[in-house]
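There are 2 protein chains.
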Amino acid sequence: MLTYDMEKRGKIPRYDYLYRCIKADILEGRLKSGSRLPSKRALAEHIAVSVVTVENAYAQLGSEGYILSRPRSGYYVCPAEELPAPPVSVPAPSSAFLPRREEEKTEKKWKYDFASNRIDPSRFPFSVWSRLMRETLSIGGEELLRPSPFNGERALREAIADYLLRSRGISVPPERIVVGAGTEYLYGLIVQLLGRERVYAVEDPSYPKIAQVYRANGAAVTFVPMDGQGVRPDRLAATSAAVLHVSPSHQYPTGIVTGFTRRSELLAWAARREGYVIEDDYDSEFRLAGKPVQPMQALDTAGRVIYVNTFSRTLAPSMRISYMALPEGLMREFSEKLGFYACTVPVFEQLTLAKFIAEGYFERHLGRMRNIYRKKRDEAVCLFAGSGYPLEITAEDAGLHFLVRLQTDLPDEEVRRRAAERGVRLAFLSDFTAEAGGASHCIVVNYSGL
Amino acid sequence: MLTYDMEKRGKIPRYDYLYRCIKADILEGRLKSGSRLPSKRALAEHIAVSVVTVENAYAQLGSEGYILSRPRSGYYVCPAEELPAPPVSVPAPSSAFLPRREEEKTEKKWKYDFASNRIDPSRFPFSVWSRLMRETLSIGGEELLRPSPFNGERALREAIADYLLRSRGISVPPERIVVGAGTEYLYGLIVQLLGRERVYAVEDPSYPKIAQVYRANGAAVTFVPMDGQGVRPDRLAATSAAVLHVSPSHQYPTGIVTGFTRRSELLAWAARREGYVIEDDYDSEFRLAGKPVQPMQALDTAGRVIYVNTFSRTLAPSMRISYMALPEGLMREFSEKLGFYACTVPVFEQLTLAKFIAEGYFERHLGRMRNIYRKKRDEAVCLFAGSGYPLEITAEDAGLHFLVRLQTDLPDEEVRRRAAERGVRLAFLSDFTAEAGGASHCIVVNYSGL
Numbered sequence: 001m002l003t004y005d006m007e008k009r010g011k012i013p014r015y016d017y018l019y020r021c022i023k024a025d026i027l028e029g030r031l032k033s034g035s036r037l038p039s040k041r042a043l044a045e046h047i048a049v050s051v052v053t054v055e056n057a058y059a060q061l062g063s064e065g066y067i068l069s070r071p072r073s074g075y076y077v078c079p080a081e082e083l084p085a086p087p088v089s090v091p092a093p094s095s096a097f098l099p100r101r102e103e104e105k106t107e108k109k110w111k112y113d114f115a116s117n118r119i120d121p122s123r124f125p126f127s128v129w130s131r132l133m134r135e136t137l138s139i140g141g142e143e144l145l146r147p148s149p150f151n152g153e154r155a156l157r158e159a160i161a162d163y164l165l166r167s168r169g170i171s172v173p174p175e176r177i178v179v180g181a182g183t184e185y186l187y188g189l190i191v192q193l194l195g196r197e198r199v200y201a202v203e204d205p206s207y208p209k210i211a212q213v214y215r216a217n218g219a220a221v222t223f224v225p226m227d228g229q230g231v232r233p234d235r236l237a238a239t240s241a242a243v244l245h246v247s248p249s250h251q252y253p254t255g256i257v258t259g260f261t262r263r264s265e266l267l268a269w270a271a272r273r274e275g276y277v278i279e280d281d282y283d284s285e286f287r288l289a290g291k292p293v294q295p296m297q298a299l300d301t302a303g304r305v306i307y308v309n310t311f312s313r314t315l316a317p318s319m320r321i322s323y324m325a326l327p328e329g330l331m332r333e334f335s336e337k338l339g340f341y342a343c344t345v346p347v348f349e350q351l352t353l354a355k356f357i358a359e360g361y362f363e364r365h366l367g368r369m370r371n372i373y374r375k376k377r378d379e380a381v382c383l384f385a386g387s388g389y390p391l392e393i394t395a396e397d398a399g400l401h402f403l404v405r406l407q408t409d410l411p412d413e414e415v416r417r418r419a420a421e422r423g424v425r426l427a428f429l430s431d432f433t434a435e436a437g438g439a440s441h442c443i444v445v446n447y448s449g450l
Numbered sequence: 001m002l003t004y005d006m007e008k009r010g011k012i013p014r015y016d017y018l019y020r021c022i023k024a025d026i027l028e029g030r031l032k033s034g035s036r037l038p039s040k041r042a043l044a045e046h047i048a049v050s051v052v053t054v055e056n057a058y059a060q061l062g063s064e065g066y067i068l069s070r071p072r073s074g075y076y077v078c079p080a081e082e083l084p085a086p087p088v089s090v091p092a093p094s095s096a097f098l099p100r101r102e103e104e105k106t107e108k109k110w111k112y113d114f115a116s117n118r119i120d121p122s123r124f125p126f127s128v129w130s131r132l133m134r135e136t137l138s139i140g141g142e143e144l145l146r147p148s149p150f151n152g153e154r155a156l157r158e159a160i161a162d163y164l165l166r167s168r169g170i171s172v173p174p175e176r177i178v179v180g181a182g183t184e185y186l187y188g189l190i191v192q193l194l195g196r197e198r199v200y201a202v203e204d205p206s207y208p209k210i211a212q213v214y215r216a217n218g219a220a221v222t223f224v225p226m227d228g229q230g231v232r233p234d235r236l237a238a239t240s241a242a243v244l245h246v247s248p249s250h251q252y253p254t255g256i257v258t259g260f261t262r263r264s265e266l267l268a269w270a271a272r273r274e275g276y277v278i279e280d281d282y283d284s285e286f287r288l289a290g291k292p293v294q295p296m297q298a299l300d301t302a303g304r305v306i307y308v309n310t311f312s313r314t315l316a317p318s319m320r321i322s323y324m325a326l327p328e329g330l331m332r333e334f335s336e337k338l339g340f341y342a343c344t345v346p347v348f349e350q351l352t353l354a355k356f357i358a359e360g361y362f363e364r365h366l367g368r369m370r371n372i373y374r375k376k377r378d379e380a381v382c383l384f385a386g387s388g389y390p391l392e393i394t395a396e397d398a399g400l401h402f403l404v405r406l407q408t409d410l411p412d413e414e415v416r417r418r419a420a421e422r423g424v425r426l427a428f429l430s431d432f433t434a435e436a437g438g439a440s441h442c443i444v445v446n447y448s449g450l
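The listed protein sequences correspond, in order, to chains A and B.
For reference, each letter of the first sequence is one residue, going 1 to 450 in the working numbering.
For reference, each letter of the second sequence is one residue, going 1 to 450 in the working numbering.
Any given hint might turn out to be false.
A pair holds if it fits inside one copy or across any two, identical chains being indistinguishable in the list.
[Said to hold, decoys possible] With a Cα cut of at most 20 Å, we get these calculated EDC-like pairs of lysine to aspartate or glutamate: (1) LYS209 - ASP162; (2) LYS375 - ASP113; (3) LYS209 - GLU336; (4) LYS8 - ASP25; (5) LYS11 - GLU379; (6) LYS209 - GLU333; (7) LYS209 - ASP25; (8) LYS111 - GLU413; (9) LYS32 - ASP378; (10) LYS209 - GLU158; (11) LYS337 - ASP16.
Since the hints were derived computationally from the structure, they do not count as laboratory data.
Generate the whole structure from the sequences, applying the supplied hints.
Set out below in structure tokens:
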């Protein structure tokens with residue numbers, strides 16, 4: 001029977017201490033994979049804690065994928081290959097082009113880097129992925145060497161369609177999904193589809209690459225200011241834009257979640273303008289609390305929403321697989337106008353990912369990551385809240401960043417400099433605004449890569 | 001000792017019969033992988049043929065990858081996993097979009113399809129590739145999950161640079177190579193780099209996708225007529241084009257190889273116009289006879305040539321890996337202007353391909369494929385030459401197609417119809433011309449997918 005000295009737990013709660021002890025035993029191999037754990041009641045008696053304490057510890061281990069419960073049988077340690085990988089350090093991406101390399105050489109080693117919104121790929125379920133890759137390889141040449149349909153492998157599009165229905169309430173047939181090598185590539189295709197003579201409206205502030213991609217593809221970009229609900233419809237209507245790029249589930253960097261009424265107003269704008277909404281749902285999987293928000297795609301009855309999402313952020317940045325769901329009319333146009341393009345994702349990756357989703361690993365991985373990110377967020381919130389500076393924390397329940405509003409008269413650059421001296425890298429809301437805004441006093445805290 | 005009855009060879013040459021016998025013994029496992037073959041002299045004596053006959057048979061087996069020679073040791077059967085795969089039938093790509101699927105349903109089963117220029121992926125060295133993939137997987141998460149530099153993995157760019165120097169006499173540092181998901185994607189990047197306000201000149205006739213991609217990216221396209229040497233400089237100079245897309249090693253569909261003088265003239269045009277030449281070298285690996293032609297990139301001293309090539313055609317269409325080598329000034333501009341883009345090829349595929357090239361498998365595969373395609377070509381030439389119709393065969397030494405000029409008064413459509421009745425699918429030069437040309441009487445024979 002598992003034996004832990006609960007007196008050694010210090011100040012941490014009983015359930016948390018028990019959870020940590022069992023996790024350590026699993027990770028260090030003392031609890032073998034597949035072995036049965038004691039019943040909650042038996043363990044509670046043995047180490048003299050309440051059943052609820054064991055229940056909470058088991059629930060935590062279960063949600064992180066270390067153990068699983070079998071009905072009418074009890075709790076078991078997960079098979080080794082499905083265990084979450086122990087954290088490893090991931091080096092910064094190296095660029096081989098010299099000017100960039102030199103820049104990197106002088107890059108500082110930060111104690112805390114809150115400016116990089118890189119995800120944490122060290123928790124990627126690598127052994128499951130490897131097994132599925134080997135299974136895919138074993139299919140052999142015929143299946144793997146033929147070219148993909150222009151919009152991607154049917155198996156992957158089916159897995160995505162099922163997942164979208166289950167997790168986002170989006171009902172879209174696999175025929176209307178287009179798979180491509182990254183969202184940046186898909187934005188480029190969208191410009192080719194909708195035309196570069198249209199003006200593309202982008203949220204201000206927003207992730208700078210979005211406007212960069214549209215401009216590189218020859219389209220004009222206009223920035224639209226936001227209020228607490230997202231893009232302001234009055235300011236949008238005053239532009240010449242016919243296409244609107246938004247992230248209503250969780251906007252970067254403001255963290256704003258756009259409510260139902262505002263979503264409807266933006267859809268009405270698209271219908272009136274005979275334009276389109278590009279719904280960039282990239283961060284919706286990491287909503288950490290509260291009810292998930294219905295995507296605009298699911299509200300759209302006029303065929304005006306292009307839904308875009310990516311696996312680079314939920315799985316690993318080295319994997320370039322994104323997809324979009326097009327309204328029926330646009331899909332027909334895409335097929336006629338751009339169907340000559342070959343699909344840009346290798347068949348091998350597509351089939352492996354299709355299995356990963358269809359066999360339930362993707363959603364289990366997301367569940368685990370939400371737990372991990374929730375803890376990281378809690379730690380980051382504690383760090384700021386406990387810093388002793390006068391500040392206010394907002395937008396911390398969705399996506400992989402939150403905001404810290406400082407009560408200070410110092411310009412952002414001065415706060416940035418002082419933090420850097422202490423080994424802390426900060427990004428500010430003012431870094432992302434198109435209109436020169438001056439000091440925002442608002443830190444964008446990216447904690448996912450911590 | 002190997003014992004074959006040379007009397008049974010019928011009308012085929014001795015060396016060819018011997019080659020077939022040994023190959024069959026290897027493929028059916030009677031000759032074990034790794035086993036030593038008799039010396040040329042010993043085998044020649046044993047089966048009463050000349051040493052030259054054995055030599056030729058061994059050379060053929062060697063060039064196709066069935067046996068290898070070790071200096072001062074003799075000939076050995078290749079390890080099983082490196083043996084060329086036996087041919088399998090590759091189904092047509094299935095498109096999941098309904099309109100296309102229905103089109104396919106009505107697609108005819110051809111006895112001979114000379115119109116599809118699909119390559120034959122059934123000979124892909126799948127077991128070697130699988131082993132390298134497993135090796136790459138075993139590197140583990142850290143290396144495989146970090147994002148790639150914007151221009152691709154350094155290991156792959158180094159392998160490509162070495163290969164280009166060895167095989168094409170192109171000297172380019174890995175820093176000036178950009179890896180991307182297919183040539184179509186790279187053409188799009190080139191338009192973003194050079195600007196869509198420039199006019200892009202394309203050979204007439206040419207592969208229709210080239211002009212389609214430039215147009216979809218918002219650039220104007222002008223077609224330039226060709227003579228026996230390629231694009232006509234006088235006609236090119238008369239256009240407003242500042243960028244020229246050419247395939248000087250072997251043009252599709254004309255099969256024209258552009259000689260040194262014409263190449264120099266086109267380079268001089270680019271320097272005068274301060275424009276660029278996009279050298280599409282896609283078919284150069286399959287030059288079946290004669291000296292390889294030096295690429296324009298290697299002649300270019302003014303930094304005016306963008307060299308583009310792909311692995312989709314030499315390996316398998318399911319693999320979307322292409323690359324371009326940029327002149328120094330353009331590479332700097334690319335890095336500044338478009339370096340924000342993430343690389344579109346998964347790290348996993350990049351590292352596997354890097355090994356495949358660096359360990360020599362790529363060039364051995366090309367050698368084998370040249371032999372296979374040479375035979376296919378010979379068969380296709382025999383079919384046409386032996387048809388009894390008055391015709392002339394040209395451009396049969398490079399790339400994966402040749403031309404058949406018919407002596408007929410019938411319009412191309414009528415010839416196409418009559419061939420189709422006999423189960424033969426034909427493509428004509430007139431299918432590829434931009435200027436309405438009427439009857440060309442010239443068949444473009446694609447034999448690679450036969």
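Each hint, compared with the structure:
1. LYS209 - ASP162: neither (30 Å within a copy, 33 Å between copies)
2. LYS375 - ASP113: within (17 Å within a copy, 61 Å between copies)
3. LYS209 - GLU336: between (29 Å within a copy, 13 Å between copies)
4. LYS8 - ASP25: within (16 Å within a copy, 71 Å between copies)
5. LYS11 - GLU379: within (16 Å within a copy, 82 Å between copies)
6. LYS209 - GLU333: Between copies only: 17 Å across, 26 Å inside.
7. LYS209 - ASP25: Cα proximity of LYS209 and ASP25: none, with 44 Å in one copy and 59 Å across.
8. LYS111 - GLU413: Classified as within: same-chain Cα gap 19 Å, cross-chain 73 Å, threshold 20 Å.
9. LYS32 - ASP378: neither (31 Å within a copy, 63 Å between copies)
10. LYS209 - GLU158: For LYS209 and GLU158, neither the intra-copy (29 Å) nor the inter-copy (28 Å) Cα distance is at most 20 Å.
11. LYS337 - ASP16: For LYS337 and ASP16, neither the intra-copy (57 Å) nor the inter-copy (50 Å) Cα distance is at most 20 Å.
Hints 1, 7, 9, 10, 11 from the earlier list are contradicted by this structure; the remaining hints agree with it.
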